[in-house]
Amino acid sequence: MTYTVEASDITKTFGDHRALDRVDLQIEGGSVFALLGPNGAGKTTMVRVLATLTRPDSGWATVAGHDLLADPMGVKRRISLTGQFAAVDDVLTGRENLDLMARLRRLSGRAARARTAELLDTFDLTDAADRRAGTYSGGMRRRLDLAMGMVERPRLLFLDEPTTGLDPRSREGLWDTTARLVEEGVTILLTTQYLEEADRLADTIAVLDRGRIVARGTAEELKARVGGATLRLRLADGGALEVPTDGSAADIRRTLERLDAEGVHAPEVSIVRPTLDDVFLHLTGAADRPDPDHADLKEAA
Amino acid sequence: MMSLAHAISDSRAMAGRCLRRSLRDPEAFFTALTLPIVLLLLFVYVFGGALAEGGGSYVDYIVPGLIVLCAGFGAGTTAVAVATDMSNGIVDRIRSMPVFGSSLLVGHVVASLARNIVATALVIAAGLLIGWDPSGSLLDWAAALGMVLLFITAISWLAAAVGLLARSAEAATAFTMVLMFVPYVSTAFVPADTMPAALAAFAEHQPFTPIIETMRGLWMGSTSTGAPVGHEALVAILWCVAILVISAFAAARLFRERSGA
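These protein sequence lines map, in sequence, to chains A and B.
Count along the first sequence from 1, then add 2; that gives the number in our numbering.
Count along the second sequence from 1, then add 1; that gives the number in our numbering.
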């Protein structure tokens, strides 16, 4: 198996704040890897380390086959930063932003113009090419940002909360674009606070909390660790009941039959899937929640 | 390793960006263009009558001082531009790319030089239009312009260092104020011997004075301090080189620190 990123034992301390605590990370080539975590968990520091912007106190990593510490230029040639990690110049037009990137990637004047035009077309920005980026809508800005990262196709693309603040249509568009980049062979490291986004895009998810990776796996595996779904019943007397369930018809039937036998009447039943909050509460140990036990009926306010 | 050709090409791209940004900030651009002319007219026609000494025209005295004053204003603009870039993600994007890291700074300094050259040309042109009559030879002109170039290079690097130190555009603005006022306590507008002793001592020993006196001596044939122009030039060059070297090293170092690493 070939990894685009292999990091081991990465530690970074700012003052007495340990931002990263012996983080190990492997990202398979051509996959989408999501780094999930609350604010301050160390996501940004991890990205900055892997993007050669911050030197780790200890640990080692190879990115796209280049040693992060010994050959940062080799790493820089094969990565692209986007999102909050890398601003778009608001005063320049979309075309000028792209042209600047092309020149910094050392394309000749003509090649830079050609590549710029191509990217404007690919990312649907041709009509707005000569307007200042500062006048762009949120979705256009993200597309320009991505296009700037694609002047030379990177081996590893850092995507930061790519759809935060976007309307649903732009969000779908951006997710499609991301899928297209993966088809082209780009490996993506996505950071996000939203499980939905990680769920939709990522092959593998790592949950970072207070500088440590507390869980990793597919979205399904993570949700399973939270304990699957919950059966929520609104009771006739106005109260409510929450019963853990694996979501299967058999399990739900068993639960309802038992409730019936105990004389519990529920005019309304719904299945609640784990939310991001649940994942965090569970994985970060903030809530002392026992593993789901079908015999245990827990009363909720 | 980064080749010199790459460093130059990256810096050119970044300088192009900075120049575009200067041209698109209409307020700052307008101020930068009108300030030299307004100050010249103000000093010559409003204060000039009272300030003119020995019957000579005040415009003959003031041109070097105004060049320095405008360069100070220009440096303030540069410091603000650097501070602004450092406080958003542009610097991270550039540093994550395989480019010459300091190209961002060099770009700002080159743009600063270009803005200052325009401002200097405006002061000179406006001065000549209203009767400035320098007596210097072509060689004196070349030397005076060389002095201007060295000075604006030094002050542009100083501005870059201050912009990095300031951390915010607002803090960097304070630097403009300092640079706009220090020249007043030099021989820019009146000779030092007309000031109270304490101020005169400051005026005679601060860097703006020898820089101004070098230009004045070269253009007008004599300095206002009475020192030979060669002596003023030596002191001015030492000041400028010292400011340039210290600022450039400080800027390079601050840039590395401020941008993460």
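No wet-lab data here; the hints were simulated from the structure.
Wrong hints could be hidden among the right ones.
Distance ranges between label pairs, derived from CB positions [to be verified]:
#1 B:129 - A:155: 20 to 30 Å
#2 B:118 - A:119: 48 to 58 Å
#3 A:92 - B:172: 49 to 59 Å
#4 B:242 - A:110: 30 to 40 Å
#5 B:182 - A:155: 19 to 29 Å
#6 A:226 - B:172: 31 to 41 Å
#7 A:17 - B:242: 30 to 40 Å
#8 B:181 - A:92: 56 to 66 Å
#9 A:57 - B:243: 41 to 51 Å
#10 B:43 - A:155: 54 to 64 Å
#11 B:201 - A:57: 48 to 58 Å
#12 A:92 - B:35: 19 to 29 Å
#13 A:17 - B:140: 31 to 41 Å
Sample of chain B residues with no beta-carbon within 10 Å of chain A, all distances over it, derived [stated by the list, open to error]:
#14 14
#15 15
#16 244
#17 246
To give an idea of the chain B side of the interface with chain A (calculated C-beta under 7 Å), a few residues [said to hold, decoys possible]:
#18 28
#19 90
#20 100
#21 134
#22 168
#23 254
Only a predicted model underlies this, so the values are computations on that prediction, with no experimental measurement involved.
Even glycine gets a Cβ: it sits at the ideal position worked out from N, Cα and C.
Would you list, in rising numerical order, the hints stated earlier that this structure does not obey?
1, 2, 3, 5, 6, 8, 9, 13, 14, 15, 18, 21, 22, 23
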